[in-house]
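**Student:** Sequence:
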Amino acid sequence: MLGGLIRRLFRRGPSPVEVRLADAKVLMEDPDTATQGFADLSVLAREGVTEAQFLVGQAYLNGMGVPPNLVEGVRWTRRAAHKGWAKAAFVLATLYLHGLPPEAEEGSAQGPSVFDEVRPPPDQKPDPDFVKAAQWAKIAAEQGNADGQALYGYVLSAGPETIRNAAEGLRWYQKAAAEGCAQGHLGLGLAALAGAKTHDDYAAAAKELKLAADKGLGTALYLLGVMSERGTGVPQDDAVAMHYYEQAAEKKVRGAQAKYGLGLMAGRGVDRNAGRGETWLRRAALAGDAEAAAILGDLYGRGGDLPPNYAEAISWYRFASDLGHAASSHTLGTLYQAGVGVPKDPEAAEQWFRKAAEQGNKEAVADLGNLALRGQMSAEISEDVMKAYRASAEKGDLLAAFNFGVCLAQGVGTERNEEEALQWLRKAADKVVNAQFWYGRMLLKGQGTEQNPEEGRAWIQKAAEAGMAEAEAAYADLLVQGIGGPRDHGAALAFYKKAAEAGQVSAMFSVGALYGGGHDIPENRALAREWFQKAAEHGNPAAQLMMGRYLANGLGGERDLEEASVWYRKAEAQNVIQASAELSALNAVRKAEQAPVEG
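Under the numbering used here, think of the first position of the sequence shown as 20, with each following residue one higher.
Accuracy of the hints is not assured; some may be wrong.
Result set (SDA-like, lysine to any residue): computed pairs, CA atoms no more than 20 Å apart in a straight line [as the list claims (entries may be wrong)]: (1) K374 to E439; (2) K234 to E198; (3) K516 to D496; (4) K381 to P362; (5) K363 to L342; (6) K194 to T181; (7) K157 to A215; (8) K414 to E439; (9) K517 to E484; (10) K106 to S61; (11) K374 to M405; (12) K363 to G343; (13) K157 to Y221; (14) K226 to E198; (15) K270 to P254; (16) K517 to R476; (17) K374 to L342; (18) K157 to E122; (19) K229 to A211; (20) K229 to Q266; (21) K157 to G118.
Restraint ranges, calculated between C-beta atoms of paired labels, are given here [to be verified]: (22) D579 to G501: 32 to 42 Å; (23) D341 to E581: 51 to 61 Å; (24) V361 to G486: 25 to 35 Å; (25) H101 to S34: 31 to 41 Å; (26) G501 to I596: 21 to 31 Å.
FYI, nobody ran anything at the bench for these hints, they're computed from the structure. We put the beta carbon where it would ideally sit given N, CA and C, even for glycine.
Taking the hints into account, I'd like the entire structure generated from these sequences.
**Tutor:** Pasting the structure below:
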């Protein structure tokens, strides 16, 4: 009799509730019937059917058969999770990691209508709650949900110190991976990368990442691309790297979109296609990749495969700046300072330099200091900049110490104090080349201390030997004049040439002067004329005067009175006193030479 009862139980079909649930799930699969499916699920959910409660929560979260509503989605998901539905606990943990608004919390007052879409304003995005995420992920993990195990492993590995447990996190990653969970393999790969030191360590990480990538996980595909590009743990192969980047890019991994775009632009590991490369860079930038936006700014700014388009370049630099890209903010300051692609605007330059400095760009800090030194910055802003310099200098920032020292020496944004300036410059001189030059120059002049030509020369020499063009020219001057040490015209010539090659116009003139005669190097007027011409073409008044003399007298080359007259006029326009007299004399010579000869 008992056996017959058992056989009848096994022959019995699904319960009415199970049939209703199955029918509702079928209706949810078709957009045309999803509304009816949701209505049926809602009835079952109110009757206490756990799976129906979970599915109602999913419908609200994803906008299936009902307008999306985060609060209602969380409420129904939480009900299912409280009743032991593992997948609901996993979803709830994921939601806490993304951040939930206060009205979604358990026990909160009724929020907006269920017919309203609940989305926090962009500037009020809730913070992740790792603690609650860990609580719900643990429930899902302990019930055997592989995704929950991987998520719990992540929270334990990457969460705040109060809940972090790397060893326990690794154990849960292993459990998830054993179930074939892609996220579990990704977690094991990331953990292996974090502790990798040898090639075998990286190879082990790559093996786990490959298992995750084979299941289509975008992050794993991207990381394998990076490892293939660098040859870390896997053979170096640009083509393989681009293949991984392409797959990850299609899955909207913005770093991969940027990498793939750059590869297409350069033709590295893939056929070159600048237009397609720009498209992928644009996608990455619009997805929030600041570096990709900055690269687009560079591409449009300098042209090449793409026509130069300054308006587009500036637009992308602004976009990158808004994403926190300090170098782009600095570039915008430079463009406004020079008037490249935009009207020249010192105030705008100052604003962009300030933003770049606040974002951590040290070049912008120096540029702000230069604006202050040139008097191109408001007194109020100058004072703020000086306060920032002092604060950073007192924390050991040697570049800030240099800038603060210069401002103290010049009385910019603060009272002039050469004694204190010298102290800050000396501190910065240990590492900052510009500080070595300034410190040496102050010692030579006796600013803030007694004159010390020998030590001043030594510091300027140090800056010159480090390659600072201004210091090279200054040290060469000291070598010519024998200040602070012996004369050495040969060494002076070498330093003048280095400075001239770096664009120091005064050094170009000085090279010409040394070759022109009267110094301890062989006279060579042809070379002197070449160097005078270089300096003259860069607007050096003394060199323009010398070109007039050399051409008028045929020194170092052919005599050319017409060209000599041109250079004399240029020198005269720059108020070179001798130029007027010599031009008058030249005109007299030309008039005499042009007079007819009487026979």
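**Student:** Please go over all the hints and tell whether each is borne out by the structure.
**Tutor:** Quick rundown of the hints versus the structure:
1. K374 to E439: 29 Å, violated
2. K234 to E198: 13 Å, holds
3. K516 to D496: Judged against 20 Å, a Cα distance of about 12 Å means the pair holds.
4. K381 to P362: With a Cα-Cα distance of about 25 Å, the restraint between K381 and P362 is violated, given a limit of 20 Å.
5. K363 to L342: Roughly 25 Å between the alpha carbons, so the hint for K363 and L342 is violated.
6. K194 to T181: Status violated; Cα separation ~23 Å.
7. K157 to A215: Given pair K157, A215 is violated - Cα atoms ~28 Å apart, limit 20 Å.
8. K414 to E439: Distance ~17 Å between K414 and E439 Cα, so the pair holds.
9. K517 to E484: 10 Å, holds
10. K106 to S61: With Cα atoms ~19 Å apart, K106 and S61 stay inside 20 Å; holds.
11. K374 to M405: The given pair, whose Cα atoms are some 16 Å apart, holds under the 20 Å limit.
12. K363 to G343: Not satisfied, since the Cα-Cα distance of roughly 24 Å exceeds 20 Å.
13. K157 to Y221: 29 Å, violated
14. K226 to E198: Holds, at about 17 Å.
15. K270 to P254: Given pair K270, P254 is violated - Cα atoms ~24 Å apart, limit 20 Å.
16. K517 to R476: Distance ~18 Å between K517 and R476 Cα, so the pair holds.
17. K374 to L342: Roughly 12 Å between the alpha carbons, so the hint for K374 and L342 holds.
18. K157 to E122: 24 Å, violated
19. K229 to A211: 13 Å, holds
20. K229 to Q266: Holds, because 13 Å separates the two Cα atoms, which is no more than 20 Å.
21. K157 to G118: 18 Å, holds
22. D579 to G501: 32 to 42 Å: With Cβ atoms ~37 Å apart, the hint holds.
23. D341 to E581: 51 to 61 Å: At 57 Å between Cβs, range holds.
24. V361 to G486: 25 to 35 Å: Since V361 and G486 have Cβ atoms about 32 Å apart, the given range 25 to 35 Å holds.
25. H101 to S34: 31 to 41 Å: Given about 23 Å between the Cβ atoms, the range is violated.
26. G501 to I596: 21 to 31 Å: Given a distance of about 28 Å, which is inside 21 to 31 Å, the answer is holds.
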